[in-house]
Amino acid sequence: MFKGYIKMAITSIRRSKWRSLLTMFGVIVGIVSVVTTVSLGEGIKHQVTGEIKSYGSDVITIRPGRLVNRDQHGKVKSVNIINSFTANTITNADLKTIAGTHGVKQSVPLAIVSGKATSESVSDDNAIIMATTPDALQLINQKIEFGSFFTDTDRAAHAVIIGPKIAQDLFQENVPIGRTLKVRGQEFVVWGVFQASSSSPITAATDFNKSIVMPYNVAKSLSDSPPQISQVLVRAENTSQINQTIQNITIELKRAHGDQEDFTILKPDETLAATSSVVTLLTSFVSGIAGISLFVGGIGIMNIMLVSVSERTREIGIRKAVGATNHQILSQFLTEAMVLSITGGVLGIIIAVICSYLLRIFTSLTPIVTLPVILVATGVSLLVGIIFGVIPAFQASRKDPIDALRYE
Amino acid sequence: MPVIELKDVSKLYGFGDATTIALDEITLRIEKGEFVAIMGPSGSGKSTLMNIIGVLDRPTHGTYILNDRHVARLRSGQQARLRRDKIGFIFQSFNLLPRLNVIENVALPLAYKNMTQVRRLKRAATMLERVGLGDREYFLPRQLSGGQLQRAAIARALVSDPSIIIADEPTGNLDSGSSRVVMELLSDLHKEGNTILLVTHNPELTRFASRVVYVQDGAVIGDEQSAIGEVSKIARKMITLLPKTTEEDDLAGVSALMKSIPGGDKLLSQARKRGRKRATKPTKRRRKTNLRGKR
Ligand SMILES: Nc1ncnc2c1ncn2[C@@H]1O[C@H](COP(=O)(O)OP(=O)(O)OP(=O)(O)O)[C@@H](O)[C@H]1O
Ligand SMILES: [Mg+2]
Chain A
1 MFKGYIKMAI TSIRRSKWRS LLTMFGVIVG IVSVVTTVSL GEGIKHQVTG EIKSYGSDVI
61 TIRPGRLVNR DQHGKVKSVN IINSFTANTI TNADLKTIAG THGVKQSVPL AIVSGKATSE
121 SVSDDNAIIM ATTPDALQLI NQKIEFGSFF TDTDRAAHAV IIGPKIAQDL FQENVPIGRT
181 LKVRGQEFVV WGVFQASSSS PITAATDFNK SIVMPYNVAK SLSDSPPQIS QVLVRAENTS
241 QINQTIQNIT IELKRAHGDQ EDFTILKPDE TLAATSSVVT LLTSFVSGIA GISLFVGGIG
301 IMNIMLVSVS ERTREIGIRK AVGATNHQIL SQFLTEAMVL SITGGVLGII IAVICSYLLR
361 IFTSLTPIVT LPVILVATGV SLLVGIIFGV IPAFQASRKD PIDALRYE
Chain B
409 MPVIELKDVS KLYGFGDATT IALDEITLRI EKGEFVAIMG PSGSGKSTLM NIIGVLDRPT
469 HGTYILNDRH VARLRSGQQA RLRRDKIGFI FQSFNLLPRL NVIENVALPL AYKNMTQVRR
529 LKRAATMLER VGLGDREYFL PRQLSGGQLQ RAAIARALVS DPSIIIADEP TGNLDSGSSR
589 VVMELLSDLH KEGNTILLVT HNPELTRFAS RVVYVQDGAV IGDEQSAIGE VSKIARKMIT
649 LLPKTTEEDD LAGVSALMKS IPGGDKLLSQ ARKRGRKRAT KPTKRRRKTN LRGKR
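Chains as they are written, first to last, in my numbering: chain A, 1 to 408; chain B, 409 to 703.
FYI, nobody ran anything at the bench for these hints, they're computed from the structure.
Careful: at least some of the hints might be erroneous.
Said to hold, decoys possible - Here are the computed lysine-lysine pairs in the DSS-like style, where the Cα-Cα straight-line distance is at most 30 angstroms:
# : chain 1 : residue 1 : chain 2 : residue 2
1 : A       : 182       : A       : 143
2 : A       : 3         : B       : 530
3 : B       : 415       : B       : 494
4 : B       : 494       : A       : 3
5 : B       : 521       : A       : 7
6 : A       : 3         : B       : 521
7 : B       : 494       : A       : 7
8 : B       : 530       : A       : 7
9 : B       : 599       : B       : 415
Generate coordinates for the entire structure from the input sequences, incorporating the hints supplied.
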């Protein structure tokens, strides 16, 4: 019988294709926005997870600004996303403080050098120019594909290690070792090329595919103001004492900053948690808006179903006259609303998948459409059909057979 | 034991001064296997009566017992099942679903019964064969003639093997040839032991009936057994009492009747003249009691 209802629904929807398509539009828009947003969020979380892996799971991150609020147990309570872009509170002097703190084995700054890179023929605005110290190679876990990283003896060398994307963009070759590029008027020789890694747009400083890395000391000489330190990566002497080490750094830095905690120390897993909660917040915000669109889509379905029920009063009369029960009429119209909304949902999912694919190709975003997202989207569209289809279906089922038969 | 039993059944429409009494305390028993022709002028309540007997409508007052069951006490689902399994309703206007093809239309009552599609269509095909539409299964209703439509509608009414067949002016929209085919089908069904109720304005058709009930102003004013093959006496008598209502559309109903008797055309033109005169001044309604007394 259920198959019969679906067949009836499909026949009746195909009878007025355009009307049905317009009716589905709201649901389509809603589902597309929800699925795309959630997929973007998934992609970002995935990248951050990958980033932590690339840092090594025992690396502490120190970032400028107060990024998180903690409760009394030290758990991340909330995240201030704005601060992460504006703060400039970790200074050159702090690097020494951190390096000298008890329990710190290695510490490297990751600093941003503003400016663009040019080769003889091309200039690249998208390159992320970073400065760091030789130990970085062990902390970022980023492998060198060709050539080598600079070492302690090359602290003042005008050398750069570049990402594979930069190699292509600036030199149109995979291994441009020995060639030169210019940053802020100074020439640098390419010493090495990084292995390709999964890109991570949210923490742009660590997208090594698009990066140009130079010695920190050289970067200091590029301009009057020291390069802006976006994070400091720290490895503790003893992995089991990470918490103790964090506490030590906190005390030392606070002392240096006049008792101000204007920095954030994140444990390896907290980097993920902090990013996740930002992403979740954004996702739920956009999903809320998409929810409104789904609601409007539902109203559209209800409206069309009400029109359809009144247009088809005579049909209802005939069906009842030959023995359809109220329940069977209700099921017929409810199924129709459900088929409408689920078709909209499926179309929405297809469009969202296409959108995600295009985003992957044309932007650095990497949305991931997961099976749960698809299932939830399908479920939600089905639910919309049920919620907004039940009233029209109920109206249809309650029609008096003889009145319905006489309806013109 | 009657299959259909009506006790003091009334049907009122509207309220206050605008109340129409469509049925006025009708009491009627119909036994299994009867072929009852229902006659009466337009607006006398025949269709209302059929709709109530067919469980499409419910009476305002009175009781209706169908197969020993009080219909009013049944839940709507049970009433629907009665319509589906026990009653085959044939309408003057066919009432086929325009977007389903003929065989789907015929199989419609079975769709509401848990029956597989293969069995449904097979059964519908048998029925279409029976009414002589075996070669029209996949036509849409709009591709059929009036007579074919009515035969399809009859096939639909018969598809779930009902014991009661109600036909409300089934030949009203058909020419005499098609009417004959329809009537023969009904007659065959009667011979098979089904109970048949037929509303008609055509006295000729009472030849097929075993009983004629005459309704006027919502009441039964004549009820007699009639030999099959003969036009019933009461039907003939009523011709002389007609026409009597004044509305223009009533005249249309009368004209159908007039055509069936010799010299009807002349009578018809007289009736038209009379009708026009009457339309200007309201006339007293014929008392129904004197006829009732005769029974
Ligand atoms: N839905 C309705 N609302 C109000 N009055 C109605 C309704 N249906 C029928 N009536 C009235 O009830 C009376 C009986 O109508 P009914 O249709 O039963 O007549 P009928 O005998 O079938 O006539 P005909 O031979 O023209 O088909 C008429 O006076 C009609 O106006
Ligand atoms: Mg009628």
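Evaluated hints:
1. 182(A) <-> 143(A): holds, 24 angstroms
2. 3(A) <-> 530(B): Holds. Residue 3(A) to residue 530(B) sits at ~19 angstroms (cutoff 30 angstroms).
3. 415(B) <-> 494(B): holds, 20 angstroms
4. 494(B) <-> 3(A): Holds. Residue 494(B) to residue 3(A) sits at ~26 angstroms (cutoff 30 angstroms).
5. 521(B) <-> 7(A): holds, 16 angstroms
6. 3(A) <-> 521(B): Given that 30 angstroms is the threshold and the Cα spacing comes to 14 angstroms, the pair holds.
7. 494(B) <-> 7(A): holds, 27 angstroms
8. 530(B) <-> 7(A): With Cα atoms ~19 angstroms apart, residue 530(B) and residue 7(A) stay inside 30 angstroms; holds.
9. 599(B) <-> 415(B): holds, 28 angstroms
Of the numbered hints listed earlier, not one is contradicted by the structure.
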